[in-house]
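Chains A and B, in that order, give the protein sequences. Heads up: the first sequence is residues -16 to 376, going by my numbering. Heads up: the second sequence is residues 22 to 535, going by my numbering.
Rather than coming from a laboratory, the hints here were simulated on the basis of the structure. Note that the coordinates shown come from a computational prediction; the quantities given were computed from them, not determined experimentally. The beta carbon of each residue, even a glycine, is placed where N, CA and C say it ideally should be. Any given hint could turn out to be false.
[What the hints assert, rightly or not] To spell it out: a stretch of chain B is covered by chain A in this simulated footprint if at least three of its residues, at any positions, have a beta carbon under 8 Å from a beta carbon of chain A; those stretches are:
#1 378 to 384
#2 395 to 402
[Claimed, not checked] Listed below are several chain B residues computed to face chain A (Cβ distance under 8 Å; list not exhaustive):
#3 Lys93
#4 His95
#5 Ser337
#6 Gly339
#7 Tyr368
#8 Ala390
#9 Asn405
#10 Thr424
[Said to hold, decoys possible] Mimicking BS3-like on lysine-lysine, the simulated pairs with C-alpha atoms at most 27 Å apart in a straight line are:
#11 Lys264/A x Lys212/B
#12 Lys264/A x Lys406/B
#13 Lys395/B x Lys264/A
#14 Lys170/B x Lys264/A
#15 Lys398/B x Lys264/A
Below, each chain spelled out in residue letters.
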Amino acid sequence: MTGTTTGIKDLFTRNIRTSGIYIAFVAIVGLFAILTGGTSLSPMNVTNLVLQYSYILILAIGMVMVIIAGHIDLSVGSVVAVTGAVSAVLVIRNDMPWWVGVLAALACGVVIGAWQGFWVAFVGIPAFITTLAGMLMFRGLTLLVLNNTSLSPFPQPYRDIAAGFQNGILGGPGYDVFTLVIFGIAVAGYVFSAWRTRRSRIAYEQPVVAFPLFIVQLVAVGAVVMWFAWQLANARGLPNVLILLAVLIIAYSLVTTRTVFGRHVYAIGGNLSAAMLSGVKVRWVNFGVMLNMGILASVAGVVFSARSNAAQPAAGNMFELDAIAACFIGGAAVTGGVGRVTGAIVGGLIMAVMSNGMQLMGVPQSVQSVVKGLVLLLAVAFDVYNKRRAGAR
Amino acid sequence: MPKHILEMRKITKTFPGVKALSDVELEVEEGEIHGICGENGAGKSTLMKVLSGVYPFGTYDGDIVYDGEVQKFHSIPDSEAKGIVIIHQELALIPYLSVAENIFLGNERRGRGGAIDWNVTNHEAMKLLERVGLQENPTTPVNQLGVGKQQLIEIAKALSKEVRLLILDEPTSALNDDDSEHLLGLLRTLKEEQGITSIMISHKLNEIAEICDRTTIIRDGHTIETFPVSGEEGIQDRIIRGMVGRDLTNRYPSRDHVVGDEVLRVENWNVFHPTQPGRIVVEDASFNVRKGEVVGIAGVMGAGRTELAMSLFGRSYGRDITGKVFMHGEEIQISDVSSAIKHGLAYATEDRKRYGLNLIDDVRRNISAAALFKLSKRGWVNGNKEIKVAEEYRGSMNIKTPTVMQTVGNLSGGNQQKVVLSKWIYSDAEVLILDEPTRGIDVGAKYEIYTIINRLVAAGKAVIIISSELPELLGTCDRIYTLAFGRVTGEVPVAEATQEKLMTLMTQEKEVRA
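Work the whole structure out from these sequences, hints included.
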């Protein structure tokens, strides 16, 4: 026997929880392409979208792990602000090199993550409380560090972290060949790894999707990615921040699905007592999850300050809510134990495409907020409905 | 001819892809206690959910005739209005509310202006408590009462709804012998004095034989037969035959007793209660287990059995733990669960849903959960090898699931227990402590679990079984320790053990020292 195959219908019904989100994403992209007369898909706007929402996506990666472990982190917006502020004080006020600012911000993230991890994991204060306190404290520290004023501008190398591009390396007639080559390599890598996974699944007699469907899947993903690359290549090339984001997404997808640590995060969220009695070092895993959130929040802090070319007292306000919303739209469960990094990213992109599309259409801020809230509510309602249907027996 | 209070005719209930019930017939006479037996997954609970309106009229085929009329229940309040009350296996009381508040929850006694009349509430609660033989203050929060008393409160709650047909799903599964006895006595009293008809679902065949007038056997969604239970010899065997569809000539598979050298020895083990300072839970316990040996620990609930096992298993319970543990004659230090696993200990909990399994995850990951170190290199898990391992256990342990990617929460109790055992066998444990390994699983699966235990000891493992079912211990163990009030009160080779002897030791109070 060479493993059983799964048909397309089965694929959708079985994975409605995870595939539903991709369908919704495509639908929303399509909807706004029509509503904006194609503007939302223009090269310049696609590039902008990446630059503008990258820090939310970075936060969502850390947040989804926190949520899978059964916690929540309300402090990330304030952490973004305080790490950006520390960096700005060093680089702008004290004329230090740009990388000193970056390292200081990351070090700050480590300390903050360890601080919150200590209270959550070793003292046993619920993360909701710990990070609510953190939200107030780090906002206060931001004001203190910045003396209640904003600092700007950053030197060019620092700004390039979030606003720079890799282009022109290989030249190109009106579009950037380098971008296309990089994306081409990425698609080839994806095809290769998908092929290898399929081969080994067959070798272990596990069900795989039918072969024609598998090819369709590869071609579809490849086409979408290359279209995206084409749009970027026609605008300003490959954004630095996209490279950073891609590295983080791949790394954290692997961490959550392939490592012992990742497994333990899911185990803790799924059933804390069972995890404990299976030898999972619950405290250290919780500590690790909160530490990691602190570090990723500081990365987002650097990217955000570089992008806005300033450190402001009110920076990062409400970012935590966008990141949390991204996770839940992306299929994470409120009770923990369920969620995926890719889901959170797509959830974040749905929020991004919606905000961006509505901005292009000139929808007022007030209405945007209402729509985003409704989408969050409906996404979770859909999830709850699915679960109830699955558990109806 | 006695009047039928309930007739369920040709009940068929289908779920997507599964026919849970097909043409099930159930006739219950007025004023009898009617037992329902069947393996887990046979359809007993589904049938009761159809009856009580959890699955509303229209979602099943067939007729429910109650009191001579065809009923169309759309919800639980519909059936309760007719006096049909179901008490589920998992108690549905609210821990911080008082006894009286729980009894009248959703059915509050109101005074003028709609406000709750506390005098009436508490007074009526008191009268209901009297009827179920419980002497408690109605204002006591229910979490201060034991499980046995909580079960009685559930019945009082049912009485407050003027119940005529009481349905109990596994009412004694969490109760000790005394409480079970009391509960069964109460059902009999309700029947004789108040004419209340009961339907009792139970895995405990001796209870069915003791208390029921008639019993119906359900297997794979079909009614097999209904017959009177006259309390005569052989009735339990007849029930088992009906449930499993075959003769179980021996409920406990036989094995060769080849006992080797000592593997684990525990000396002078003391454990204190985690939150009540000074309260000793396990006192000066010493015991050992040898290679290829099955050792039983017998004790009533609350004797400290689980506390002993969990405190040993990486200090998962209690505080101020003192005592010595030896593996193969060498003293070891167990600081936490992962070091216990590394030293070759395994503990399969009595409450697999709460402490044993990640119910929302799949079979594969539950099996590997305690031994990811065997599947990983530098922190990276080999997912394909993991699947292979899971498939091996699915085969060797006969776990009935379409694939190892199936969510564990969807499996039956017996199969969930096999997943728990697979997890610990895969962790390469030398000593497996199995806490109530067959609780809440059906006769057929029990036999399989015993077979697995035999296979383990044949492979040179040592097994400790904690159980409150004495026949089970007598049928499976080589040696039995008795535990009473946290102390080891006896050590009996199985050849010399009888239920009476064990029970005497299990209830032995501490002798008063001069």
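A quick look at each hint next to the structure:
{"no.": "1", "hint": "378 to 384", "verdict": "holds (count 5)"}
{"no.": "2", "hint": "395 to 402", "verdict": "holds (count 4)"}
{"no.": "3", "hint": "Lys93", "verdict": "violated, 20 Å"}
{"no.": "4", "hint": "His95", "verdict": "violated, 16 Å"}
{"no.": "5", "hint": "Ser337", "verdict": "holds, 6 Å"}
{"no.": "6", "hint": "Gly339", "verdict": "violated, 14 Å"}
{"no.": "7", "hint": "Tyr368", "verdict": "holds, 7 Å"}
{"no.": "8", "hint": "Ala390", "verdict": "holds, 4 Å"}
{"no.": "9", "hint": "Asn405", "verdict": "holds, 5 Å"}
{"no.": "10", "hint": "Thr424", "verdict": "holds, 7 Å"}
{"no.": "11", "hint": "Lys264/A x Lys212/B", "verdict": "violated, 53 Å"}
{"no.": "12", "hint": "Lys264/A x Lys406/B", "verdict": "holds, 23 Å"}
{"no.": "13", "hint": "Lys395/B x Lys264/A", "verdict": "holds, 16 Å"}
{"no.": "14", "hint": "Lys170/B x Lys264/A", "verdict": "violated, 37 Å"}
{"no.": "15", "hint": "Lys398/B x Lys264/A", "verdict": "holds, 18 Å"}
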